[in-house]
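J.: Letter by letter, the chains look like this.
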Amino acid sequence: MGEVLVYVDHVDGAVRKPTLELLTLARRLGEPVAVHLGPGADTAAPVLAEHGATRVLTADASEFADYLVVPKVDALEAAAKAVSPIAVLVPSSGEGKEIAARLALRLGSGIITDAVDVEASDAGPVATQSVFAAGFTTKSRISKGVPVITVKPNSAPVESAPAAGAVEQLAVEFGALATGTKVTARTPRESTGRPELTEAAIVVSGGRGVNGSENFHIIEALADSLGAAVGASRAAVDAGWYPHTNQVGQTGKSVSPQLYIANGISGAIQHRAGMQTSKTIVAVNKDAEAPIFDLVDYGVVGDLFQVVPQLTEEIKTRKG
Amino acid sequence: MSLRIVVAVKYVPDATGDRHFAEDLTTDRDAVDGLLSELDEYAVEQALQIADAADDAEITVLTVGPADAKDALRKALSMGADKAIHVEDDGLHGTDIIGTSLVLAKAIEHAGYDLVVTGMASTDGTAGVVPALLAERLGIPQVTLLSEVKVEDGKVTGRRDGDAASETLEASLPALVSVTDQSGEARYPSFKGIMAAKKKPVEALDLSDLGIDEAEVGLEGAWTKVEDATARPPRTAGTIVKDEGEGGKQLAEFLASQKFI
Ligand SMILES: Cc1cc2nc3c(=O)[nH]c(=O)nc-3n(C[C@H](O)[C@H](O)[C@H](O)COP(=O)(O)OP(=O)(O)OC[C@H]3O[C@@H](n4cnc5c(N)ncnc54)[C@H](O)[C@@H]3O)c2cc1C
Ligand SMILES: Nc1ncnc2c1ncn2[C@@H]1O[C@H](COP(=O)(O)O)[C@@H](O)[C@H]1O
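Listed in order, the protein sequences are those of chains C and D. In our numbering, each residue's number is its place in the first sequence (first place is 1) plus 344. Just so we're aligned: 171 in our numbering is position 191 of the second sequence, and the numbers increase by one with no gaps anywhere.
Next comes chain C alone, as it looks inside the complex:
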């Protein structure tokens, strides 16, 4: 069986959930080989092994943090040369897609971005994508080179599948372009204590109907009662009521949780593009004609300032 390179997204060795999902998908294609760049390989390796990594290739160098994207491409290219993989899987973040694209070009390969599923076939991996604001589902293959595929969060279950996970040093030589774009400052995003938006099982979002940043605590309280992440429409973000990192939609995050609750959101196509693949969709909106109601499994036509606090109270009561 061939080997499949999996690019590890992590913060100082804490492996992020989408990477574990990639290991599940990689096992369908072949033997997962994880590539861990930067610090924390000791912390990450046992977690990667537990989820199916047969090997963990690691490299640490200051270039990974000090310069944008390209050093990581150099490292993945070195890994691809060392392993001769049958496919490369990368998490679909802004950075992940950029790394994957440049790698594909160097390998003379095609690239598929934002896959929501990957299956094996005789002719190589088949990737499922959700396109045109989730109006269509496509299945595609890469016809030239080593398939490079980026996969969206929440596209596969995290599974325990213990493997050897032998840690091996990866030798990386940085090319002339590696130091082209310097990262001169970095401010880590403050943790809210809530789940990551793209990884959360439940997302509670607020839109223009929330009518002010001072009211967003209503949305947050509902989210907290369900252990959910908080999302926002672009209207709410543009108004300065909630940070852009929480925006759901075409130019924000794309989410696919088990449950999505839209409050005071009309359901414009650009918003739907980021949430339409959610399993169960619920909306609270005072306008019965709002397009969001076309998507819902359950909708309440009403004032969110009445409905949402009542819902939060009821959840708390039921949860005891």
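It should be emphasised that the hints constitute simulated quantities derived from the structure, not laboratory data. Please note that a few of the clues may not be correct.
Claimed, not checked - Which residues of chain C face chain D? A few of them, derived with a C-beta cut under 10 Å, are:
hint, residue
1, 453
2, 600
3, 603
If you're wondering where the values come from, they're calculated on a predicted model, not measured in any experiment. Don't be surprised by glycine CBs; every beta carbon is placed ideally from N, CA and C.
Use these hints to put chain D with the ligands onto chain C, whose structure you have.
T.: Just chain D with the ligands, lined up with the frame of chain C:
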């Protein structure tokens, strides 16, 4: 020395229209009206601001697309760009991302540049990888996904708001920049701008002008193949209740029935 800026802009089917696939599983560009990708308006806007801040600058807008893609160029010219390049060739039908980046890179080299500016993603393909591919092909720094950008003393600086952190970036020209929709509202073309755009030069190029082999582009040359496209089945109509004072409780009951509580 004049600062030469090339802005890559895409002509896309209107996202609010009913977008479909053609029989050959390429994007159907006839069924829905096309327009300049809204996300590329931000690229044109930032290019205009960078040009304003420079002593002397010239902006070329570039598109690879069918005959109608001229509309996108006209819009960008009416916003204030100086001239345009339109790469059009029957052999381009069905070109995928890798192929598109090849054609764009050749055209950018043909134009001559100090700075390349792109949008964060096209609103139809939404891949968001052409900028990185162009930087790789051109061998220049990528300063991408910027919500703020400045060009000064031969340097690009900008802010990139990522998932885990907000980063300040710096690179020397020549460089490639991509900007997000957080970079600042795009201007509306003025009447004067619209009139002036009609007289601005649009250079037409085909594959042979750029020295590109037909085998590397088009549906046949593509590195990827779409094998199936299925319309998403409409969601089955859900339950909708009007809040008569118990809406929150009813919703809680629904969530409990679905085991979310
Ligand atoms: C290129 C481009 C990219 C875009 N990207 C995104 C994106 O990533 N994400 C995104 O969300 N949008 C995006 N948009 C914007 C999108 O088109 C909509 O403008 C936006 O989603 C509207 O947000 P909204 O639903 O909160 O506001 P509105 O459309 O104004 O809807 C507000 C809703 O709240 C309801 N309401 C008001 N008061 C109450 C109340 N008290 N109780 C209950 N309901 C109430 C109203 O009935 C209404 O339906 C993009 C647009 C473009 C052009
Ligand atoms: N056919 C095209 N013509 C001109 N520019 C393009 C084209 N395709 C993509 N681009 C540019 O690349 C950016 C990202 O596109 P994409 O990677 O396709 O999502 C867009 O915002 C444009 O600036």
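J.: Evaluate each hint against the coordinates.
T.: Okay, the hints, checked on the actual structure:
1. 453: holds (7 Å)
2. 600: At 13 Å from the nearest chain D Cβ, residue 600 of chain C fails the 10 Å test, so the hint is violated.
3. 603: holds (5 Å)
Of the hints listed earlier, the one the structure fails to meet is number 2.
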